[in-house]
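Protein chains: 2
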Amino acid sequence: MNLILLAPDQALSDSHYQLNTRQQEHIAKVLKKAHDDTLRVGLLNGLIGDAVLDLERWQVTLGQLTTQPPKALPMELILALPRPNMLKRTLMNITAMGVKTVHLLHSAKVEKSYWQSPVLTDASIHDYLIEGLEQARDTVLPVVHQYTRFRPFVEDTLPDLLQGRVGLVAHPYQAETCPVDLQEPCVLAIGPEGGWNEFEMEKWSDAGMQSVHLGERILKVETAVPVLLSRLYPAK
Amino acid sequence: MNLILLAPDQALSDSHYQLNTRQQEHIAKVLKKAHDDTLRVGLLNGLIGDAVLDLERWQVTLGQLTTQPPKALPMELILALPRPNMLKRTLMNITAMGVKTVHLLHSAKVEKSYWQSPVLTDASIHDYLIEGLEQARDTVLPVVHQYTRFRPFVEDTLPDLLQGRVGLVAHPYQAETCPVDLQEPCVLAIGPEGGWNEFEMEKWSDAGMQSVHLGERILKVETAVPVLLSRLYPAK
Numbered sequence: 001m002n003l004i005l006l007a008p009d010q011a012l013s014d015s016h017y018q019l020n021t022r023q024q025e026h027i028a029k030v031l032k033k034a035h036d037d038t039l040r041v042g043l044l045n046g047l048i049g050d051a052v053l054d055l056e057r058w059q060v061t062l063g064q065l066t067t068q069p070p071k072a073l074p075m076e077l078i079l080a081l082p083r084p085n086m087l088k089r090t091l092m093n094i095t096a097m098g099v100k101t102v103h104l105l106h107s108a109k110v111e112k113s114y115w116q117s118p119v120l121t122d123a124s125i126h127d128y129l130i131e132g133l134e135q136a137r138d139t140v141l142p143v144v145h146q147y148t149r150f151r152p153f154v155e156d157t158l159p160d161l162l163q164g165r166v167g168l169v170a171h172p173y174q175a176e177t178c179p180v181d182l183q184e185p186c187v188l189a190i191g192p193e194g195g196w197n198e199f200e201m202e203k204w205s206d207a208g209m210q211s212v213h214l215g216e217r218i219l220k221v222e223t224a225v226p227v228l229l230s231r232l233y234p235a236k
Numbered sequence: 001m002n003l004i005l006l007a008p009d010q011a012l013s014d015s016h017y018q019l020n021t022r023q024q025e026h027i028a029k030v031l032k033k034a035h036d037d038t039l040r041v042g043l044l045n046g047l048i049g050d051a052v053l054d055l056e057r058w059q060v061t062l063g064q065l066t067t068q069p070p071k072a073l074p075m076e077l078i079l080a081l082p083r084p085n086m087l088k089r090t091l092m093n094i095t096a097m098g099v100k101t102v103h104l105l106h107s108a109k110v111e112k113s114y115w116q117s118p119v120l121t122d123a124s125i126h127d128y129l130i131e132g133l134e135q136a137r138d139t140v141l142p143v144v145h146q147y148t149r150f151r152p153f154v155e156d157t158l159p160d161l162l163q164g165r166v167g168l169v170a171h172p173y174q175a176e177t178c179p180v181d182l183q184e185p186c187v188l189a190i191g192p193e194g195g196w197n198e199f200e201m202e203k204w205s206d207a208g209m210q211s212v213h214l215g216e217r218i219l220k221v222e223t224a225v226p227v228l229l230s231r232l233y234p235a236k
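Chains W and B supply the protein sequences, listed in that same order.
Start counting the first sequence at 1; every next residue gets the next number (full-length UniProt numbering).
Start counting the second sequence at 1; every next residue gets the next number (full-length UniProt numbering).
Bound-form chain W, shown alone:
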């Protein structure tokens, strides 16, 4: 937790916020702050600045919040639904890296049971996104969409996403080397372990998505995701 992120439901007034249990524990055990100490805080979907800690009431009083959150990545990320454990880490990591729109998609090699996981409830996803924001000192909550059918997504939803964006689909075979330091917004689709199947690759291609690879090495999804994001948009 590199930032204390304050949600609207924690507001007592415009400048007073109640800290939640997780924040209290972090402030007490990790930051070891004393009464009247200064804390770095951010308003959910808002600005960042300092606040003064009231340790008796577990409240903070905001100073001037003037710092903008870090820049977002100019991309829409499509991700074949990973297995639940990997999904947790992936949601945190891509949030920390600045992805703001995630489309979780079914694919032939995604096990149907993954869609029943409690990780996919709104409340659970929200928690992982918040952890990612706290990690990266960001405040802007990503939006996560879920699509349990591949074809309607590619045929009906993807064309709108591709307006003004270059479309890339990560695929180890028959592909161009993935670009480095892309100068335009993109839609990036990352497949499941085992990759997209032939039908899916055809549909991506029909929709105008260009397939890109990362060299000879086949990486796990959890490695390929940060590798691809960092390669397309290296932080300045």
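Simulated from the structure, these hints should not be mistaken for lab results.
Every residue, glycine too, gets a C-beta built ideally from N, C-alpha and C.
Hints may contain errors.
Said to hold, decoys possible - So the derived list for chain B, only partly shown, Cβ under 8 Å to chain W, looks like this:
1. T38
2. E216
3. R217
4. I218
5. R231
Please arrange chain B on chain W, whose structure you already have, making use of the hints.
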């Protein structure tokens, strides 16, 4: 397992190898191969090619192995010892990405108990490295060194590593932006969660290591590692 990796102790003759239990299970359950089918195999620290499967004896007969393993990253990676669970994943991931020399190092913010973890035994480390090679279809086993004391490593070992290599230490503060597509070999040091402390940063600096950051966002070590490797040496 994207490659069946054969170790010297599996050799029955120059061209016949016995498959181990893990490989047998993978071939039966995931690859679903039949008797006399062809398999992609690699010799540990050697070449890659096709072999014919003898499903009754769980043996393979090598054809001509003529494919070189993928290129290694031209770097020495120094890593403050991560907590055991993260270490497992990190060893697999950096092996898959092509790191060939890893120096696990103590640091002020590394918990001493981490050094007692069974993950750090030679046999356990070997298993994670093998998994990383199988993932990336590589054959060249990395070498992992362990240093339980920070200062002697920086003073006595680091100068030799820096011969002919540029030295970079990842640090979020008072640093230059990390280079993209580095054209020379490097030594890269990545700190623990919480970062290197002031004394450590001074020692790195005295040794000639330049501190580099990844922008405003603070990433977890497991995210920062693939981000840094992919940024320094994007796969071609």
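Query - Ascending list of hint numbers which this structure does not respect - result: 1
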